[in-house]
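Visitor: Spelled out from the first residue to the last, the chains are:
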Amino acid sequence: MTRALNRLALYAAVLAVAALVATPMYWLVISAFKSSDEIFTSTPRWLPAALEWHNFGRAWQGAAFGRYFLNSTVVALAIVFLQLATSSLAAYALARRRFVGRTIVLLAVIGALIIPIQVTFLANFITLQHLGWLDSYWALVAPFTASAFGTFLLRQAFLAVPEAMEDAARLDRCTGLAFLWHFLLPLSRPTVLAFTLVALVTHWNDYFWPLIVTNRDEIRTLPIGLAMFVTQEVMSDWNLLMAATLFVAAPMLIIFFLTQRYFIRSHMHAGLKG
Amino acid sequence: MANERQSDGDVRPRARAAAAGWRRLNPYVYLVPALAALAVWNYYPLIFLVNLSFHRLDATQPAPRWIGLDNYRELFAAPLFRRVLANTAIYTGLTVPLSIGLGLALALALNQGLRGAHVLRTLFYTPVVLPTVAAATVALWIFNTNYGLANYLLGLAGQGPVAWLTDSDMALSTIIAIGVWKTFGYFMLVYLAALQALPQTVLEAARLDGARPWDRFWSITWPLLRPTTWFAIVIALILSFQAFDFINITTQGGPSNATNLLVFYIYQNGFQYFRLGFAAAISVVMFALVYGLSALVSLWFNR
Amino acid sequence: MNIRHVLCGLLAATALACGSPAGAAEPVHLSFWYPVDLGGGLAKVIDGLVADFDKAHPDIQVTPTYTGSYDTTLQKIQAAKMAGTLPDVAVTEISSVPVLGALGAARPLDALIAGEGGKKFLDKFWPSMLLNCVYDGKVYGIPFQRSTPVMYYNKDAFKAAGLDPDKPPLTWDELVADAEKLTKRDGDRVTQWGLELPLEAFNWFYYALVYSNGGQSLSPDGTKALWDQPPELAALGFWHDLVNKYKVTPAYTPWNDGPQEFAAGKVAMIWHSTGSQAFMRQNVKFAWGLGRIPKHAQFGPPSGGGNLMLYATDPARQKAAWSFIVWLSDAKQAARWSIASGYLATNVASWDLPEMKALVNEHPEVLVTKAQLADAKAEPASAKYAPARDILNALIKDVLANKAQLEPAVKEAVANANAAMAKQ
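Protein chains in written order, with the working numbering: chain A, 1 to 274; chain B, 1 to 303; chain C, 1 to 424.
Incorrect hints may appear among the rest.
[Unchecked claim] For the chain A half of the interface with chain B, some residues (derived, Cβ under 7 angstroms), not all of them:
(1) 21
(2) 24
(3) 28
(4) 29
(5) 44
(6) 45
(7) 114
(8) 151
(9) 156
(10) 227
By construction, these hints were calculated from the structure, which means they are not laboratory data. For each residue, glycine too, the CB sits at the ideal point set by N, CA and C.
Can you make the complete structure from the sequences, with help from the hints?
Guide: And the structure:
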């Protein structure tokens with residue numbers, strides 16, 4: 001009997017947390033559909049009187065969101081591609097080769113895991129200034145060319161492929177890069193997908209770094225565009241702001257909902273000792 | 001098949017030596033792209049920052065000039081720095097345990113085989129996937145003093161409105177709440193994965209022995225989760241930098257420096273006052289603290 | 001394809017890329033950065049102005065970019081100076097003039113002004129606006145979106161409290177008396193504040209109080225904070241009393257919340273920018289009026305808003321950018337911008353144009369804003385003022401919230417500010 005009660009209490013507690021998490025998101029969505037009168041009231045309603053779809057249209061026109069969307073896509077894809085390339089090469093060397101200094105390199109990769117952009121941004125800004133790359137796509141992509149996280153994840157995945165397979169492949173004259181491409185990567189597809197998704201979302205959502213290195217409207221990414229829109233509209237049009245927030249957040253949310261398995265998977269490897 | 005001749009071993013010695021040499025070299029070659037990038041964008045900045053911190057570089061001094069420890073002297077004497085350190089200590093000291101603790105608690109709960117666990121798991125992880133800008137903007141709206149949901153709910157409960165983001169006593173707590181909301185789902189997943197990988201036999205044995213759930217957790221589960229907790233703490237320290245995004249959009253370090261954290265302080269000095277040498281000194285202090293803390297945590301967990 | 005074809009192709013491509021020979025005039029492309037510190041919709045007005053300029057000047061194409069708040073825009077310009085990617089023209093808050101002049105980012109305009117008639121050109125603008133356009137004896141800024149503080153007041157609330165709705169308070173004593181009558185309480189909670197002085201990053205209303213009391217806030221050479229001098233101390237003390245002694249003002253009102261609260265009837269009198277008139281006209285449903293910022297020793301509202309500054313270094317671009325600046329400052333454009341935004345028309349002649357006269361007819365309260373221009377004083381500014389500004393901001397918040405004692409806190413703040421300004 002107490003067990004059932006305990007379970008009920010547990011469930012209630014979990015639902016309470018769920019309510020705390022879900023309410024802001026619910027509020028975001030319905031605020032986007034409200035008319036201005038429903039925003040400036042001391043008794044907000046839980047359901048808008050009517051769905052003001054044109055809020056989205058007005059918000060879209062409030063800034064060059066189409067351009068920002070394009071920029072975010074280009075930058076995120078470029079970063080993910082570069083990270084996959086550099087990480088798989090490095091992971092291959094770390095997982096399937098013995099060489100002098102392998103431990104040091106591995107430690108260096110792991111060490112870089114805890115050097116985030118918020119520590120390096122000042123130096124990277126000056127580096128980019130010397131290169132003349134500020135305020136360009138290069139600036140948005142360059143610092144993220146390699147990923148310690150990706151290298152580490154892929155190394156773990158490659159380690160799981162048996163030596164025997166590599167020996168067999170060598171007999172078929174399939175070594176090195178060919179082996180990486182034809183065997184290791186396909187066999188590690190779940191991990192590769194997991195990493196791709198996590199990296200995509202992470203860099204789509206980047207705010208801090210693009211804020212530092214971009215000025216021109218032409219290369220602004222969505223988070224920066226939204227932030228600009230916020231400073232512009234903060235006095236009045238909260239419904240438009242919420243609408244804009246929604247279409248900035250939507251792509252990643254949709255990708256997440258469709259591919260949850262892979263996000264979860266990325267934690268399987270990372271969480272355990274390794 | 002092409003080149004079958006070579007697999008016979010019927011190959012000229014020089015070519016074979018060259019192939020062997022290439023094979024010896026190629027791990028390094030494969031490592032070059034990643035390591036070069038990590039060196040330039042992750043490791044070199046640390047050295048660069050230390051060097052820059054000994055120079056003066058600002059709007060009126062466009063070429064760096066050596067000033068030795070002056071930036072550090074100024075920094076440690078600045079009352080604002082002490083305030084910023086305190087704020088950062090409070091922020092980190094609260095978000096790390098709260099987000100990890102909440103994540104662990106939910107992982108334990110969801111691991112009990114509750115109905116709808118999948119849906120709940122997705123729900124709890126969603127804030128992690130939301131852009132920080134989006135979370136900050138929604139927070140600005142919900143915590144709006146006059147028309148926000150939070151004060152409306154407080155009003156329903158008979159309480160007066162709270163200036164969540166504009167009262168210097170409340171603002172930091174609000175930012176902490178946003179930080180925890182945004183990240184706990186990540187730790188929930190990490191712990192869920194770890195819990196599901198635990199050896200069930202030990203836990204079964206304990207349950208059969210009649211041990212109470214609370215004791216079972218502390219004496220068996222928790223120690224087994226140590227590696228995961230270690231990992232979580234280090235990640236939480238890194239995630240705590242996200243606070244910059246929230247602060248930059250909601251409070252800009254205010255009111256009255258109540259939400260001025262180290263990472264924001266660096267940005268403020270580097271990009272608002274344009275004192276890059278001074279900002280570099282603050283960066284050095286910040287990364288010394290973060291790595292020092294990570295090292296301490298790692299030592300603790302691996303003793 | 002042999003090597004000769006490739007070379008020919010490359011040569012052809014290079015020739016094309018180098019552009020057509022002189023004579024086929026390519027329009028000069030100018031970049032124009034602007035902040036808007038008020039509610040949205042003004043971006044469209046800027047776009048309209050730019051489009052008309054482009055039509056009237058087919059040899060110049062201007063690309064406007066919204067760059068966030070005043071502070072964000074300043075940061076972007078400072079970063080752009082480092083990166084070598086400065087815009088050609090930008091609008092920045094008036095206190096940034098010395099900062100950008102000292103940085104070497106903005107160009108002095110005296111030679112270009114001489115080409116437009118020198119003093120005759122400058123006489124087009126209101127003298128009080130020109131005070132914040134100068135650095136190191138040279139003109140760096142041209143007024144564009146300028147404002148002064150004004151007092152918006154709720155005429156219906158005045159009537160309800162037994163006050164004359166056409167007589168807003170003109171002195172500190174009247175202000176306190178009226179505010180006390182206008183503050184309504186429901187038990188412990190205040191349902192209507194008598195007065196609100198919103199606080200934003202630039203400490204505008206602190207200066208308003210200080211100037212009204214005959215003080216200066218910043219030494220004329222821009223190196224010392226004077227917040228501990230008697231008139232300045234008394235001004236902050238008065239603000240503190242409004243909150244804590246007379247209890248007619250809340251301790252902190254964020255800048256952006258002010259107009260919303262006024263429109264919602266939560267406050268009867270509020271100081272805000274002339275630029276907020278557009279918001280008020282759109283959202284306030286009751287009878288409201290504009291009053292001057294009350295005086296104590298004198299009338300002295302601080303100037304505010306943004307100036308146009310020139311950053312282009314190439315002579316051809318400079319000429320083009322300057323013609324854009326001159327066009328924007330023309331009576332007609334200044335009037336258009338003012339009517340759409342609520343900022344003050346920077347060109348004196350604008351007020352004689354039929355569209356401005358129509359505005360005055362429809363909204364006679366606008367004349368109050370014009371009257372304040374005569375007494376407006378410069379906003380404190382110097383090349384090294386930035387950290388002092390933030391120290392002052394924190395000081396005001398702490399003193400008003402009673403988190404610090406007035407005199408010791410001010411002394412400490414002055415010491416910190418002077419040290420910070422000397423440091424840079």
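Visitor: The structure should be examined with respect to each hint, and the outcome stated for every one.
Guide: Consistency of the hints with the structure:
{"no.": "1", "hint": "21", "verdict": "holds (6 angstroms)"}
{"no.": "2", "hint": "24", "verdict": "holds (5 angstroms)"}
{"no.": "3", "hint": "28", "verdict": "holds (5 angstroms)"}
{"no.": "4", "hint": "29", "verdict": "violated (10 angstroms)"}
{"no.": "5", "hint": "44", "verdict": "holds (6 angstroms)"}
{"no.": "6", "hint": "45", "verdict": "violated (10 angstroms)"}
{"no.": "7", "hint": "114", "verdict": "holds (6 angstroms)"}
{"no.": "8", "hint": "151", "verdict": "holds (6 angstroms)"}
{"no.": "9", "hint": "156", "verdict": "violated (13 angstroms)"}
{"no.": "10", "hint": "227", "verdict": "holds (5 angstroms)"}
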